[in-house]
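Asks: Build the full structure now, drawing on both the sequences and the hints.
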Amino acid sequence: MCGIIGFIDRTKSRMDGSSIKVALSLMNERGSGDGAGYAAYGIYPEYADYYALHVFFDNLAEPKKKVDELLQQWGEIVHQEEIPTTPQPGIRKVHIPWRYFFKPSKDLIAGRMNSENDVVTYIVMEVNANVKGATIFSSGKNMGVFKASGWPEDVANFYRIEDYKGYIWLAHNRYPTNSPGWWGGAHPFNLLNWSVVHNGEITSYGTNQRYVEGYGYKCTALTDTEVVAYLFDLLGRQHELSYEMVVRALAPPFWDDIDRMTAKEAELNKTIRLTYGSALMNGPFAIVVGTDNGIVGFTDRIKLRPLVVGENGSKLYISSEEAAIRTLDPEVKNIYTPRAGEPIIGRFIE
Amino acid sequence: MTLGSVPPKYKVSIDRDQCMDCGRCIENCSYGVYRREGDKILIESRKCTACLRCVAMCPRDAITLTEKPVDYRSHPVWTREAREDIINQARSGKIILSGMGNVRDLPIIYDRLLLDACQVTNPSIDPLREPMELRTYIGKKPKKLEFKKTESGDVELETKLAPNLKLDTPIMIGHMSFGAISLNSQLSMAKAVAKTGTYMGTGEGGLHKDLYPYQDHMIVQVASGRFGVNIDYLERGAAIEIKIGQGAKPGIGGHLPGEKVNEEVSKTRMIPLGSDAISPAPHHDIYSIEDLVQLIRSLKEATEWKKPVFVKIAAVHNVAPIAAGIARSSADAVVIDGFRGGTGAAPKVFRDHVGIPIEVAIASVDQKLREQGVRNEISIIASGGIRNSADLAKSIALGADAVYIGTAALVALGCRVCGNCYRNLCPWGIATQRPDLVSRLDPEAGAAQVSNLIHGWTLELSELMGAAGINSIESLRGNRDRLRGYMLDEGMLKILDVQPAGA
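Protein chains in written order, with my numbering: chain Y, 1 to 350; chain V, 351 to 853.
For the record, the hints were derived by calculation from the structure and aren't laboratory data.
C-beta: ideal position from N, C-alpha, C; glycine also.
Hints should not be assumed to be uniformly reliable.
Simulated crosslink set (DMTMM-like; lysine to aspartate or glutamate; CA at most 25 Å straight-line) [claimed, not checked]: (1) V:Lys516 x V:Glu727; (2) Y:Lys264 x V:Glu654; (3) V:Lys510 x Y:Asp257; (4) V:Lys510 x Y:Glu162.
Which residues of chain V face chain Y? A partial, calculated answer using Cβ under 8 Å [unchecked claim]: (5) Asn472; (6) Thr509; (7) Asn668; (8) Pro671; (9) Gly828; (10) Asp831; (11) Arg834.
Just so you have them, the derived chain V footprint on chain Y, three or more residues with Cβ under 8 Å [to be verified]: (12) 35-46; (13) 88-95; (14) 156-170; (15) 200-207; (16) 277-291; (17) 301-312.
Replies: Right, here's the structure in full:
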């Protein structure tokens, strides 16, 4: 189960979170009240050059001191605050959601890390694996993830989602079946500007996990979806593959199809499969990924989970259900269901 | 002789009411258990190896073969085997030879690993109705893809793949040489691998000309004796394998007794007729990993870099760092052979006491290669005691790309695992060069049996993967999450990196 929504306005016109909340709540049959979450891009224009680190703290004493110290080892915290929340009867506040706006310092990283993104990745992995009582659940620029255990409308009201305006929105209504229903396990999963919402289960998780861990990523969220964010970061950022190529690595064509392609196309697909066999994802999944410059949606190779796409001018919607898209935009045109493994990509118009 | 003889191991008897006195038992037993005296067939149970040829060929099911109860005073420490080995060595003063794999009653880790299956939340996949991909490429893989921009601004793939073997199923047949086994056995297996889209090893015995039609499915071996190795041999193989060690006898060379070296074997191996073919324990040009690199590159250079080169080592305590060294040595695949691996002839003490189980070797090699960031660049082939498709699936989940089978393929040919392969008397025509015995194995029938086995395991592997919600072999490889340990201790679970059942 699980219900997912991805939305992009390709002209970067921003939309507030109120309609996403309603659309997600429409799919409450796909959830169990154990987790919901939203990711929005374009929400922190005043801090657009800084990494927005969203952290769950169990308390603001020891764990926060450790995170502060770690951040100061690598750069400057230009602003920090508790993420504004409104108590909800349906949500038991087990963590304190906090946000930092952080900039790695060139001097401090010189000779130690290759890039600011590497520093932030390192900090996320270090905190999530080794700082008890702290989980960094969002670490991109000019974007943020808001998630908790609860029903979609309660989580939205808790974080006052309608107060944020974004040009990409992702939303997820969770029905956990094979992993605990805790705040950190709710979707979206994020690293840097990659955010992932997922309906399904990744049966290749053991293989994918061992693969990404070989590159220094640490899987700590106790759920399989986390690995998708790391695969996108590894293949998309570190290996510089295009989004189409990343999807082809994660949900490649079948060998029978590759055998029928032209020689050049077959060689490309064979090379991708041989190189990234350990990144291939199996099991039922429908996924939407938020990125620096757009959204990417795709399903597993035999389409064991639903995914519907809708378009209206500069707007592109991807969701588990057509009804959710129509709730977001009653005027939506061109509704269709993509083929298994076919990448649906919405990019900003330059 | 003050020691006298040891009691017979087996008791053979004929139900005289059933027996029709046809004499097939006499004809079939190459060990001389039966003989005719007057109008009676007499039995000498002492000579029996439990090869079961007589039982299989008796038209009246008149023969009974049982393990003979111990005649010694029972003793929990001084077992029958312990005492008999001493008696035999007190008599001969020699190393005790044995055939086949380890016979000690050690726990089999495969049997304490359980596979996973889907229920409700993730659908199992039905291989009868959905595609199931077992195609496997063995060889070097790029670490990442590289693209270049063309003048027109397009992006073109720059990465070129190294030569890989394409397997339709991740099951290959390991190296059993012509000499150790008969030409008809090799022919049976060659036809079977050609039919099932996979490969077999030649072993250290050269490539007989009758196998040339199947050379695209043969992996030619270069072992320390260099028997049969010349440029023609290297060029004929689909891949080349350097054998450093063997699971049944890590740290020692090979030994083919002179009785097995007939004219054809002598020609194929390029050694004198009737001479013992003794491979040295080490390769005399490899005393370091740098030397190994040179041999790998020499073989690649000789074959114009068109063929993958594998390196086979026995699973020993230090197997993981050795494999990591091999991974960095230009090799395309590392073959790990566990302590249950079979052999034509090995000192019994090696077969039963040296080496480690293949299950832990796969897991620790996979882990080490990952730690060093080279796992995806080299293939792992596991062998040594793989008995069924579940062992195969578990090997892949632990981290192997493919497996070699040896004993299982021989059993498909008729072998009853009697363990007397080194005596040249194999009544099934498998581990022998005696023409009358070799002719008992029909290569066509043998090929059908072996390909049936590979086909059957392939179907079962597809079902196991489908049950786990997996439709491509890449997603089973190294997927420890699909395994659970049952009745394994914490230390073992840690090395295998597998959760206990229930977790």
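Asks: Quick one, are V:Lys510 and Y:Asp257 close enough, alpha carbons at most 25 Å?
Replies: Given that 25 Å is the threshold and the Cα spacing comes to 21 Å, the pair holds.
Asks: Does V:Arg834 pass the interface check with chain Y, least Cβ-Cβ distance below 8 Å?
Replies: Violated, about 11 Å.
Asks: Need the status of pair Y:Lys264, V:Glu654: alpha-carbon distance at most 25 Å?
Replies: Holds, at about 24 Å.
Asks: Has the segment 156-170 of chain Y got at least three residues whose CB is nearer than 8 Å to a CB belonging to chain V?
Replies: violated (count 0)
Asks: At a Cβ distance under 8 Å, does chain V reach at least three residues of the segment 200-207 of chain Y?
Replies: holds (count 7)
Asks: So is the segment 277-291 of chain Y in contact with chain V by the C-beta rule, three or more residues under 8 Å, or is the coverage claim wrong?
Replies: Answer holds; 7 residues pass the 8 Å Cβ test.
Asks: Is the listed coverage of the segment 88-95 of chain Y by chain V valid when you require three or more residues with a beta carbon under 8 Å from a beta carbon of that chain?
Replies: violated (count 0)
Asks: Counting residues of the segment 35-46 of chain Y that have a beta-carbon nearer than 8 Å to any beta-carbon of chain V, does the count reach 3?
Replies: violated (count 0)
Asks: With 8 Å as the cut and Cβ atoms as the points, is V:Asn472 at the interface with chain Y?
Replies: 4 Å, holds
Asks: Would you check whether V:Asp831 satisfies its interface hint, that is, whether its CB is within less than 8 Å of any CB in chain Y?
Replies: Where the cut-off is 8 Å and the nearest Cβ of chain Y is about 3 Å from V:Asp831, the hint holds.
Asks: Is the Cα-Cα distance between V:Lys510 and Y:Glu162 25 Å or less?
Replies: 51 Å, violated
Asks: Has the segment 301-312 of chain Y got at least three residues whose CB is nearer than 8 Å to a CB belonging to chain V?
Replies: holds (count 3)
Going through the hint list in order, the structure does not satisfy hints 4, 7, 8, 11, 12, 13, 14.
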